[in-house]
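Chemist: In my numbering, the protein residues as written are -18 to 356.
In case anyone wonders, no lab produced these hints; they're calculated from the structure.
Be aware that a few hints might be false.
[Unchecked claim] 27 angstroms max Cα-Cα, derived DSSO-like pairs, lysine-lysine:
#	residue 1	residue 2
1	K68	K241
2	K264	K184
3	K250	K53
4	K184	K313
5	K265	K215
6	K250	K240
7	K210	K264
8	K240	K67
9	K184	K293
10	K241	K184
11	K241	K264
12	K247	K53
13	K184	K240
14	K53	K264
15	K215	K67
16	K293	K265
17	K184	K215
18	K247	K293
19	K210	K184
20	K184	K207
21	K241	K207
22	K68	K264
23	K67	K53
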Amino acid sequence: MVDHGSLHHQKKAFFQQCFQFLILFCLALVLCYMLSSSFLSLKNFLEQNRSEEPPGQPGATGWYQYHQAYPKNYHFVMDNADICTKKTPFLVLMVPVSPDDVAARDAIRQTWGNNSLVQGEVVVTLFMLGLSHRADAETLKQENLQHMDLIQSDFLDTYLNLTIKTMVIMDWLATRCSEAAYAMKVDSDMFLNIDNLVIMLQKPGIPRENYLTGMLMWNRPVIRWKFSKWYVSKAIFPESTYPTYTLGMGYVFSNDLPKKYVEISKSIKPFNIEDAYIGMCMKKLDLELTSPPVPSQFQAYNSRYDRCEFSKVITYILDSPEQLLEYWTDLKKPGPPCTGHIFNYLFVISCFILVFTCLVFVIVRFSFVRYSGSS
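Work out the full structure, taking the sequences as your base and the hints as a guide.
Modeler: Spelled out as structure tokens, the structure:
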């Protein structure tokens, strides 16, 4: 005869144990999630979305009437013209920067712009400036005498003139450094893993001609909201979307392209979105942009610093020169950057093994109780 009191007690005890194990199971999952999110690299693809309409300066329509992107309209007032004649560079890093932003230039000089020989290749880092009433000409001259890395042209250095600035960069490369193999236009607020970049360019399959790569932007809408800093009128650019282009934070190109960009710019109506303008040049030249060998190496923003992650990428946008110095110092300290991650992975795997063991135990226990009750 079945003892119903005993059976009821067994069932009650069983459900209590099940409830306890479910609590433990949920806690284990939460713990694993927290640990994995804390220790494993979380890639954040929060690039600035130009389809949004953030508040900005009203579009200065008068500027379009006088603006010319063709760089021959401008002249160099500070020019290290012979820098590429001493040693032919494999790679030239061209950094557009505000004349008064000495902190950004100094941070780059102490970090990714510090080495002239990277992975056995000659690398040159130069800063492109326009004119500004906020920067003293004599101070800039003394800075250039000390570092020999400033190039200045006589256009007004403003956000609306970024296309001019980029095309002046192209003109300098075409006329002063045409023998270099590759060049990169890289913003002054960027983390650049220069070793990874050179390693990428050394790969056998990377073209030496008609090559442009970076973080590719497809089918990006043209902003028509007049109060956006990215506003472009239909009169300037009638199409609703831009041709494919590389995000302006940092793009890499074979050094045959600057001369072609300068020439084709005479037939392209200028507009102030400089990276999309280069995309337009590529379209007019009937050339295709190339996705990087490892697209994830060209990143925009990352929510936090991770040494292992930063050892793998080529670009990230940063918040300040101080942040660049801090991250670079940590990245370059002795020891492999990803060693700790092996233990993190093992720990997470151990968590899941523990959870799986708990589940097996619950199933076996449940089967045993059912078998005992039926007998």
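Chemist: Which of the listed hints are broken here?
Modeler: Numbers 15, 16, 17, 18, 19, 20, 21, 22, in rising order.
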